[in-house]
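Participant: Taken in sequence, the protein lines are chains S and B. Heads up, the first sequence stops at 418 in the numbering used here, and the numbers go up one at a time, no gaps. Heads up, the second sequence stops at 838 in the numbering used here, and the numbers go up one at a time, no gaps.
These aren't lab readings, by the way, just hints derived from the structure by calculation. A couple of the hints might just be wrong.
To be verified - Mimicking DMTMM-like on lysine to aspartate or glutamate, the simulated pairs with C-alpha atoms at most 25 Å apart in a straight line are:
#, chain 1, residue 1, chain 2, residue 2
1, B, 730, S, 112
2, S, 189, B, 804
3, S, 66, S, 116
4, B, 832, B, 804
Bear in mind the structure is a predicted one, so any value in this text is a computation, not a measurement.
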Amino acid sequence: MSPQEVFAPWDDPNARPLIQFKGVTKRFGDFTAIDNVTLDIYAREFFALLGPSGCGKTTLMRMLAGFETPSEGTILLDGTDQAPIPPNQRATNMMFQSYALFPHLTVRDNIAFGLKREGKPKDEIHARVEEMLRLVQLQQFAARKPHQISGGQRQRVALARALAKAPKLLLLDEPLGALDKKLREETQFELMDIQEKTGTTFVIVTHDQEEAMTVASRVAVMDHGQLKQVATPPQIYENPNTVYVADFIGEVTIFQGTAKKADGYYEFTWAEGQPPLKCRSPLELSNGQSCFVAVRPEKVEISHVKPEDDNVLPGKIIDIGYLGNLSTYHVELGNGQIIRAQNFNTDRSTRQVFTWDDQVWVNWTVGCAVLLEQ
Amino acid sequence: MRRAILIGIPFIWLLALFLIPFVIVFKISLSDLALSIPPYTPQLDLSQGWAGIRDFFSQLDFENYIFLTTDDLYWRAYLSSLKIAAVATFLTLLVGYPIAYGMARAEESWRPMLLMLVILPFWTSFLIRVYSWMGILSSEGYLNQVLLALGIISDPLTILNTNAAVYIGIVYTYLPFMILPIYATLEKMDISLLEAAEDLGCSRFSAFWLVTIPLSLPGIVAGCFLVFIPTIGEFVIPSLLGGSQTLMIGKVLWEEFFSNRDWPVASAVAVILLLILVIPIVLFQRNEQKQREAGK
Ligand SMILES: Nc1ncnc2c1ncn2[C@@H]1O[C@H](COP(=O)(O)OP(=O)(O)OP(=O)(O)O)[C@@H](O)[C@H]1O
Ligand SMILES: [Mg+2]
């Protein structure tokens, strides 16, 4: 693969996926935890699962690892049905959300556990364990038992243990949640580095969108056991397919209204007495169909004088969130709807240009908002 | 002050119920046999003041302990008790572990009921339960009748009054003491550890060996001591179920006290038994301590 070529096997109709979920449903009693999921994950991918608590991320992982069997559908790994293959013979390793470290073994023996089962020579195991300890910066703690180290250190041991066997497929269930920001970022890049070097395929669960955006080749947004959207981080962010996804990933303002076809764009009516919005969209909507418009705060400009643009709305600043590098303004529009706008604080000498109760104009260019059917 | 009371109460308890009786027994073991009441001399006569006390101590000696070494009955009885206790403990472990394991893996709603069933035998007298084993194991007993009726054996088995009956009795009686601590460790074990072991390439069986067994080890050790320690001095089971060849120190002790009425020698036997027991008891305490520390 030449550096110019982008890694996007999901766009290649000839590419063979490493993992295939085909109509997989998982029920616990009469509760449906996974609802008819069809999904392809390709070799060398860094695939992130995002979704609210209880949406079925861990269950999906456990089915891949072999701890749960699908109630319906099949899971293929490298084209072979995984149903009859027990967990210990699958080419996957999982990092458990609860870490599941062996309390009776030292950090070193925990990491060596999987290697020893393979019957590798002693010095090879030793070298590999040392390498893993270095990776997660736990050399000084190698001789301790899990109850003698901190929560973040435990998480790193669990990560090292899962990585040690260099499996074809690594399942990481919230691998970095307990780490501080700096170590988390370091480990994220470390993971990407490992992935680059070893060609391992990663499936990672995370609650941290920024993390998903940073590390993932593709992101899946889940809700109630269903996949809402599977796409690359920029696609997910810029072209969410539903209000749910738009709202779940990042900050967004949602307008509800009706669309009317115009010349090359849609005219979106959303509140009485408010100017209609202009929106381009590949969607085919009928006249008067109810739909939504989503705008990200960083796309919204804010100014004291009325700008020349397509989507211009008057309003009043009711709240300012100062985040250091940028500020978020909550602007109340004429009908009471609140829109969020973001400005970079590029110049530290100028005093705050906008302040509470300022009458301002917000505007964004036609291409910046997304029209959503549901 | 509060602290002093808190520590003081068990301290006084131990002093009154353990240390003082022990000192009395130890003192008797240093005395001589006498045909009077009590059946030993000397006795402390405080009316003669210092001379009486000096006189009293000058008459105490280790004669009875020396006697124990001259008759090989005693050390053979000690050894045989240790052997029987060790074998019986092992057998109890073999029976108890699978039961504890099954209980810990049973549906959660079933567990209180299963625990009840384990403790249920304590509701009847221990003596009655051992007696009923006589009825089961004797040559005309239920066991032989069933086996004969099924045609598995043609002549009744002799089990009662053999060491086999003693082992059956001990395993039966002390089984709850084995099951409960093992169950406690298995029940709190995190099942995801087994999943992790399997994920890392273990078969079900090796996951059991490498994870379940080591994690239940504190329970196994506790259970073994809880069976082993009382079994060494066990008297009722060997005397009711055992035969003439069953040699256990508890029986010897009983005979010295009540048949020979040789209190001083009997006391010496008891003191030595206690010294032998100190070792496993200390080890047991260590195990408990370690477990508490690990649990923190
Ligand atoms: N063994 C089980 N029996 C019954 N219900 C279960 C079982 N395992 C999971 N569930 C249910 O399935 C749903 C999905 O659980 P899952 O653990 O996959 O969630 P999750 O997305 O990983 O959540 P979180 O982000 O909190 O870890 C939950 O509602 C959970 O209660
Ligand atoms: Mg989870």
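Participant: Against this structure, judge whether each hint is valid.
Facilitator: Checked hints:
1. Note on residue 730 of chain B and residue 112 of chain S: the hinted pairing holds, with a Cα-Cα distance of about 22 Å set against a maximum of 25 Å.
2. Note on residue 189 of chain S and residue 804 of chain B: the hinted pairing is violated, with a Cα-Cα distance of about 55 Å set against a maximum of 25 Å.
3. Taking the CA atoms of residue 66 of chain S and residue 116 of chain S, the gap is near 9 Å; set against the 25 Å cutoff, the hint holds.
4. Pair hint residue 832 of chain B plus residue 804 of chain B does not hold up; C-alpha atoms about 42 Å apart against a cutoff of 25 Å.
In summary, the numbered hints that this structure violates are 2, 4.
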